[in-house]
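First to last, the protein sequences are chains A and B.
If you read the first sequence in this note's numbering, its first letter stands for residue 1, the second for the next number, and so on.
If you read the second sequence in this note's numbering, its first letter stands for residue 1, the second for the next number, and so on.
Calculated directly from the structure, the hints in this document are not laboratory data.
The beta carbon of each residue, even a glycine, is placed where N, CA and C say it ideally should be.
Careful, some of the hints might be misleading.
[What the hints assert, rightly or not] Selected chain B positions facing chain A (in silico; Cβ < 7 Å):
(1) Val157
(2) Gly159
(3) Phe160
(4) Ser162
(5) Ile163
(6) Val164
(7) His165
(8) Lys166
(9) Arg175
(10) Val176
(11) Lys179
(12) Glu183
(13) Gly185
(14) Asp351
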Amino acid sequence: MPLRDITLDDIESLAVGAWVLGTGGGGSPYLGLLNMRALYKEGYRVQLMQPGDLADDDWVAAVSNMGAPLVGQERLTDSRTIARAVSLMEEHTRHRFRGIMALEIGGGNSIQPLMAAAHLKRPVIDADMMGRAYPEAQMTSVAVGDLQPCPLTTVDVRGLESVVESVPTWKWMERVSRKICVEYGSIASTCKAPRTGAEVKKWGIPGTTTKAIAIGAAVREAQRKHEDPIAAILSVEPGKVLYSGKVVDVERRATEGFLRGRTRFDGVDAWRGASMEINFQNEWIVAWLDGQPIAMSPDLICVLDSVSGEAVGTETIRYGQRVTVIALPPPEVFLSPKGLQHVGPRAFGYDIEFKSVFA
Amino acid sequence: MSQRELSLDDIEALAVGAWVLGTGGGGNPYLPLLNMRALYRDGHRVRLMDAADLADDDWVGTVANMGAPLVGQERLTDSLTLARAVKLMERHIGHRFAALMSMEIGGANGVRPFMAAAHLDLPVLDSDTMGRAYPEAQMTSVSVGGLAPYPLTAVDVRGFESIVHKVPTWKWTERVARKICVEYGSVAATCQPPRTAAEVKQWGIHGTTTKAIAIGQAVREAQRRHEDPVAAILSVEPGKLLFRGKVVDVARRATEGFLRGILKLDGLDDCRGSAMTINFQNEWIVSFRDGQPLAMTPDLICVLDSVSGEAVGSETIRYGQRVTVIALPPPAVFLSPRGLDTVGPRAFGYDIDFRSVFDS
Numbered sequence: 001m002p003l004r005d006i007t008l009d010d011i012e013s014l015a016v017g018a019w020v021l022g023t024g025g026g027g028s029p030y031l032g033l034l035n036m037r038a039l040y041k042e043g044y045r046v047q048l049m050q051p052g053d054l055a056d057d058d059w060v061a062a063v064s065n066m067g068a069p070l071v072g073q074e075r076l077t078d079s080r081t082i083a084r085a086v087s088l089m090e091e092h093t094r095h096r097f098r099g100i101m102a103l104e105i106g107g108g109n110s111i112q113p114l115m116a117a118a119h120l121k122r123p124v125i126d127a128d129m130m131g132r133a134y135p136e137a138q139m140t141s142v143a144v145g146d147l148q149p150c151p152l153t154t155v156d157v158r159g160l161e162s163v164v165e166s167v168p169t170w171k172w173m174e175r176v177s178r179k180i181c182v183e184y185g186s187i188a189s190t191c192k193a194p195r196t197g198a199e200v201k202k203w204g205i206p207g208t209t210t211k212a213i214a215i216g217a218a219v220r221e222a223q224r225k226h227e228d229p230i231a232a233i234l235s236v237e238p239g240k241v242l243y244s245g246k247v248v249d250v251e252r253r254a255t256e257g258f259l260r261g262r263t264r265f266d267g268v269d270a271w272r273g274a275s276m277e278i279n280f281q282n283e284w285i286v287a288w289l290d291g292q293p294i295a296m297s298p299d300l301i302c303v304l305d306s307v308s309g310e311a312v313g314t315e316t317i318r319y320g321q322r323v324t325v326i327a328l329p330p331p332e333v334f335l336s337p338k339g340l341q342h343v344g345p346r347a348f349g350y351d352i353e354f355k356s357v358f359a
Numbered sequence: 001m002s003q004r005e006l007s008l009d010d011i012e013a014l015a016v017g018a019w020v021l022g023t024g025g026g027g028n029p030y031l032p033l034l035n036m037r038a039l040y041r042d043g044h045r046v047r048l049m050d051a052a053d054l055a056d057d058d059w060v061g062t063v064a065n066m067g068a069p070l071v072g073q074e075r076l077t078d079s080l081t082l083a084r085a086v087k088l089m090e091r092h093i094g095h096r097f098a099a100l101m102s103m104e105i106g107g108a109n110g111v112r113p114f115m116a117a118a119h120l121d122l123p124v125l126d127s128d129t130m131g132r133a134y135p136e137a138q139m140t141s142v143s144v145g146g147l148a149p150y151p152l153t154a155v156d157v158r159g160f161e162s163i164v165h166k167v168p169t170w171k172w173t174e175r176v177a178r179k180i181c182v183e184y185g186s187v188a189a190t191c192q193p194p195r196t197a198a199e200v201k202q203w204g205i206h207g208t209t210t211k212a213i214a215i216g217q218a219v220r221e222a223q224r225r226h227e228d229p230v231a232a233i234l235s236v237e238p239g240k241l242l243f244r245g246k247v248v249d250v251a252r253r254a255t256e257g258f259l260r261g262i263l264k265l266d267g268l269d270d271c272r273g274s275a276m277t278i279n280f281q282n283e284w285i286v287s288f289r290d291g292q293p294l295a296m297t298p299d300l301i302c303v304l305d306s307v308s309g310e311a312v313g314s315e316t317i318r319y320g321q322r323v324t325v326i327a328l329p330p331p332a333v334f335l336s337p338r339g340l341d342t343v344g345p346r347a348f349g350y351d352i353d354f355r356s357v358f359d360s
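Just chain B, same shape as in the assembly:
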């Protein structure tokens, strides 16, 4: 298959869809969207391609910003900084990349590979390694696949450049890279461990950029027509509506570099008289309906504004908002025993067995 040039309209839709797939985390894609608008105005264009069209021994660069989303709102990541993380990796490993891909399609990192790609004139693969957003480096399909957890490059806008050259485990990649990032000022552009196309074909989560664009287009189209945007999402994705309600309480704690807390909702419409709580660690992790666990990671729990259909993030949700909670099915790779060890409820400290809302 050939490469497909993305229109700016596709990217606008990508920003909306990636935020839905962010499951509350990953940071709002709005700032990268502004970057992409500026790049398109300057004449840059980006292309999307399938991993299957690469040769097995091609190299793929995986791009993500690391850090605290709140800091990222003040210290903006410009597109040249992301491109520099990729160039540093190419120099370090001595290979040129044939394409870039996203580490996580959910949230702002769903758009960032395109910022680097615009400068480097590389295509972006229609694949990522989470199919959503997750808070830690070891919570990826490539980690589940036991692929090499190094090297990783971390750069920042002032010219800092570091390389995590070797570590024994993904958890150590997370630890060392996180400390570098914190010392930079809690935001760094990273190029994650390079992958061969063969590895991406086997362990990547495919079609996720297209999926995010489709979700975003459905929402935007429904908004234009004044139709129900949540129904529109469910018309393009095999999701389930879990709850409609109103935010009655949000308890947030910033701990160990994460935003943790509990969201409480009172039911509206069909759900009147019922209550939902959702525990989060950057992302929505476990939802309880009337005290019983209902949906949990790796199922995607998406909290959407009931009127606009756009996603609501764990860092911005507030009292009184009318929201609709839906679940979307998780990537198959996370449903294996090893996958559940990596991202199941116990990986987040909840002593419950995973049960998918899509099993019944």
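Looking at chain A on its own, in the form it has when it is part of the complex:
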């Protein structure tokens, strides 16, 4: 398939759709979107490439911002910084990347590859490694596939640059790179372990940029037509409505670098009299209806504003909001026994068996 030009309208949709796929975490794509608007105004353009078009021995860069979303709102990541993380990896490994892909399509990190691609004049690969957002480095399809966790580059806007060259496990990659990121000031642009085209084709989660754009386009179209945006999402994705209600309590704790807590809802409309609670660790992890677990990771739990259809994040949700909770099906790779070890409810400390709402 030929490369496809990504329009600014696509990117506007990507920002909306990626925030839905962020399942509460990943940070709002809004700042990334502002970067892309500025780049497009200056004449930069980016293109999308299908993973199937990669040669097996091509090299692909996987990028993401690492750090505390709250810090990221004050210390903005500019597009040259994420591009520098990729260039540093090229200098270090002496491979030239064919394309750039997202580590996580959910939230702000969906747009980072576009920011790097604009400067480096490479296509963005239509794939990621989570199909959503997850809080830790080992919660990826490539970690489930036991691919090499290193090297990793981290850079920041002041010119700090480090390389994690070798670690025994993905968990250790998380630990060492996280400490570097914290010392930089809790925000760093990273280029993850380079992947070959063959690895991306086997272990990448394909089509997720296109999927996010489609979700965002559906929401925006429904908004324009004053139609139900949630119905619009469900018309393009095989999702399920779980609940509709009003936020009655939010409890947040910032612990070990994560935003943990729970949100409680009282039902409205068809759910009047029923209450829901959702536990989160950056992302929505387990949803309970009247005390019974009804949806859990790796199923995607998306909390949406009932009127606008846009996603609501765990760091911004507040008392009184009217929301609709939907589930979207998870990437296949996380449904294997190994996948569930990495991202199933027990990986987050919930001693329950995974049961998909789609089973």
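Chain B: place on chain A using the hints.
Showing chain B alone in chain A's frame:
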């Protein structure tokens, strides 16, 4: 000048002398000495050479362990790990090193370049970048010289490898590398920013390995002959005896990754009736006699066991020990205004002007 092969006896002396030059810090060289004994038993040999004998565009690798000395006593650094830090640097910069050198001659890091050199079959330069021990990465002659503070490699025995590729200042090298080291478990083998031989010739502190060996030999010879080992040090180094006394109090705090505290001594012999306190941050930093500052960094303050003449470290000194405090002259590079900004008393938080005990 040619390269000189070191005998195991030289290395035994180096361990004693480097501990004296450690000025209380740098970690006891005993564990690296055990490593070197084992390497010599296996047939390895190491060579010493002068920086002046390198071509200006030769590359030099600077080797040091980073971390908490107390952790280093439990998680031992083996010689192959140090060698791996050097190999990683060579791979990263794409140059082979012509020689290795010590970052700090004081303490255990005075011996560690030889551990790497034994495996890599490289000579070690008779130079370092501190002329003693100091607690932080920016407290070196190459930092005073404004040389590039990157890249730095950090590896550990389990196979961890990281590279600090770029930083704006030496202080940032210290910060980022220190965090990596802490996450590894508070001990890492590092190869410090690579230097050209031209840089080493201009900014290195020369002759320090030879000096440490000479100090160690003097102490060991005096021990064998039952003579005064402190007098023996002063016969090979232009030092000054500052105080003889007995430890009456040690207050230690482990803060911000450093061992800070105060040592109190009561005078003996000629010093009876007089008291000395020495403030330390890993190393002995400022000594006060009867409340007046007497000797301070960058002058070397060495606290020695009065009987054996061997150095006593800030982490092991204890109540009741009989010690003799001497000062040794500092490397000239630290006496410039920029040098004193980097390692003078104010760099350690003491609002006093530097005055050398060798000025009067």
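Evaluated hints:
1. For Val157/B, the shortest C-beta to C-beta distance to chain A is roughly 11 Å, which exceeds 7 Å, and the interface hint is violated.
2. Below 7 Å, beta-carbon pairs count as interface contacts, and Gly159/B has one with chain A at about 6 Å; its hint therefore holds.
3. Look at Phe160/B: its Cβ gets to within about 6 Å of chain A, closer than 7 Å, so that hint holds up.
4. At a threshold of 7 Å, the smallest CB-CB gap from Ser162/B to chain A is about 5 Å, leaving the interface hint in force.
5. With 7 Å as the threshold, the beta carbon of Ile163/B comes within range of chain A, its nearest partner Cβ sitting at about 4 Å, so the hint holds.
6. Given hint, Val164/B at the interface with chain A, holds; its Cβ is 5 Å from that chain's nearest Cβ, closer than 7 Å.
7. Of the supplied interface hints, the one on His165/B holds, with its beta-carbon coming within about 4 Å of a beta-carbon of chain A, less than 7 Å.
8. About 4 Å separates the beta-carbon of Lys166/B from the nearest beta-carbon of chain A, less than 7 Å, and the hint is met.
9. Checking Arg175/B against chain A by beta carbon gives a least distance of about 6 Å; that is within 7 Å, so the hint holds.
10. With a cut of 7 Å, the hint placing Val176/B at the interface with chain A holds, because the nearest CB-to-CB distance is about 5 Å.
11. Given the 7 Å rule on beta carbons, the hint for Lys179/B holds: about 4 Å separates it from the nearest Cβ of chain A.
12. Hint status for Glu183/B: holds, given a least beta-carbon distance of 4 Å to chain A, under 7 Å.
13. Here the hint on Gly185/B is broken, as its CB sits about 11 Å from the closest CB of chain A, past 7 Å.
14. With a cut of 7 Å, the hint placing Asp351/B at the interface with chain A is violated, because the nearest CB-to-CB distance is about 29 Å.
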